Amino acid sequence: MTHKATKVVIITEKLIQEGVARIVEQAGASGYTVVAAAGKGSRGVRSSGRPAVVDAFSNVKIEVIAASREMAERIADEVAARYFENYSGITYLEEVEILRPHKF
Amino acid sequence: MTHKATKVVIITEKLIQEGVARIVEQAGASGYTVVAAAGKGSRGVRSSGRPAVVDAFSNVKIEVIAASREMAERIADEVAARYFENYSGITYLEEVEILRPHKF
Amino acid sequence: MTHKATKVVIITEKLIQEGVARIVEQAGASGYTVVAAAGKGSRGVRSSGRPAVVDAFSNVKIEVIAASREMAERIADEVAARYFENYSGITYLEEVEILRPHKF
Numbered sequence: 001m002t003h004k005a006t007k008v009v010i011i012t013e014k015l016i017q018e019g020v021a022r023i024v025e026q027a028g029a030s031g032y033t034v035v036a037a038a039g040k041g042s043r044g045v046r047s048s049g050r051p052a053v054v055d056a057f058s059n060v061k062i063e064v065i066a067a068s069r070e071m072a073e074r075i076a077d078e079v080a081a082r083y084f085e086n087y088s089g090i091t092y093l094e095e096v097e098i099l100r101p102h103k104f
Numbered sequence: 001m002t003h004k005a006t007k008v009v010i011i012t013e014k015l016i017q018e019g020v021a022r023i024v025e026q027a028g029a030s031g032y033t034v035v036a037a038a039g040k041g042s043r044g045v046r047s048s049g050r051p052a053v054v055d056a057f058s059n060v061k062i063e064v065i066a067a068s069r070e071m072a073e074r075i076a077d078e079v080a081a082r083y084f085e086n087y088s089g090i091t092y093l094e095e096v097e098i099l100r101p102h103k104f
Numbered sequence: 001m002t003h004k005a006t007k008v009v010i011i012t013e014k015l016i017q018e019g020v021a022r023i024v025e026q027a028g029a030s031g032y033t034v035v036a037a038a039g040k041g042s043r044g045v046r047s048s049g050r051p052a053v054v055d056a057f058s059n060v061k062i063e064v065i066a067a068s069r070e071m072a073e074r075i076a077d078e079v080a081a082r083y084f085e086n087y088s089g090i091t092y093l094e095e096v097e098i099l100r101p102h103k104f
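In order, the protein sequence lines correspond to chains L, V and Y.
Okay, so the first sequence: first residue is 1 according to the working numbering, each after it adds one.
Okay, so the second sequence: first residue is 1 according to the working numbering, each after it adds one.
Okay, so the third sequence: first residue is 1 according to the working numbering, each after it adds one.
So here's chain L without its partners, still in its complex pose (with noise of 0.2 Å):
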């Protein structure tokens, strides 16, 4: 017995993620999962200046099962507005089956 739900991913500057964490508890998500990661992305430059170093696991990717489709668009909009004028940054939306609903 499974329930959808949406899943958003947020891959970004390490330096936010306690901004972009700040939206998703404000959103009402009960929580969270952070892994570090490295990439490259469509700027080719981090917003410091600093040439995109794919070794360096300097970014951080986000992600948070969220309640309905509603709250999973709302963290991505309010993360992208915020932020993606000043940092590197990409988001989209999964679809998902949880398990126990009750959870989250």
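Hints were generated in silico from the structure; no laboratory data involved.
A portion of the hints provided could be inaccurate.
Claimed, not checked - Across the chosen pairs, the derived CB separations fall in these ranges:
| id | chain 1 | residue 1 | chain 2 | residue 2 | range |
| --- | --- | --- | --- | --- | --- |
| 1 | V | Gly19 | Y | Gly19 | 44 to 50 Å |
| 2 | V | Glu70 | Y | Gly19 | 32 to 38 Å |
| 3 | L | Ser68 | Y | Gln26 | 24 to 30 Å |
| 4 | Y | Arg69 | V | Arg69 | 19 to 25 Å |
| 5 | Y | Glu25 | V | Glu70 | 37 to 43 Å |
| 6 | L | Asp77 | V | Asn86 | 22 to 28 Å |
Unchecked claim - Result set (BS3-like, lysine-lysine): computed pairs, CA atoms no more than 30 Å apart in a straight line:
| id | chain 1 | residue 1 | chain 2 | residue 2 |
| --- | --- | --- | --- | --- |
| 7 | L | Lys14 | V | Lys14 |
| 8 | V | Lys7 | Y | Lys4 |
| 9 | V | Lys4 | Y | Lys7 |
| 10 | Y | Lys7 | L | Lys7 |
| 11 | Y | Lys7 | V | Lys7 |
| 12 | L | Lys4 | Y | Lys4 |
| 13 | Y | Lys7 | L | Lys4 |
| 14 | V | Lys4 | L | Lys4 |
What the hints assert, rightly or not - Not close to chain V: a few residues of chain L, all C-beta gaps over 10 Å, as computed:
| id | residue |
| --- | --- |
| 15 | Gly19 |
| 16 | Asp77 |
| 17 | Ala80 |
| 18 | Asn86 |
Predicted, not measured: the structure shown is a model, and the values here were computed from it.
The beta carbon of each residue, even a glycine, is placed where N, CA and C say it ideally should be.
Could you slot chains V and Y onto chain L? The hints should help.
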């Protein structure tokens, strides 16, 4: 040419990684991937009574490409039944398409 | 307002990370994300003959948001064709929804 498969995602405490791996193997899955993770869950504290510290990578994200939907659900159910009363954790399923079905 | 896109996931040995990145870039993708990973695969041993040690983070999980389904399949096919006879690896696709299509 792709085949549909189900990915099981388990995010839990590093302490029980080996136990989860045994459940995965006993279910007949041919492999799994482990990534170090941090995060904050719905309980706010870990099972040990320590506060959930977001910066400490004391969690793991374990992913399994299951050969069948039934295997995926069995893995998720068994992990939750055996561990999630006593350890923090979530599990969810995602539909994926694999390109080399003979490898799974 | 979201757009559908295809995510390519490649889990393989860290040794060939640069070669995979070149395939991704030559396919025209504008970026990718790399996460350190451990795991156990269907072979049981690595290409080098070393046993597959689950605790050593000697693998990478590389993710690419492809602008088109065709690009996603081409990346996956080329990585498999060039490397998976000699290196451990799996690749699969996931459907995602991106919020800022102009960034991909």
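Which of the listed hints are broken here?
Of the numbered hints, 1, 3 and 6 do not hold.
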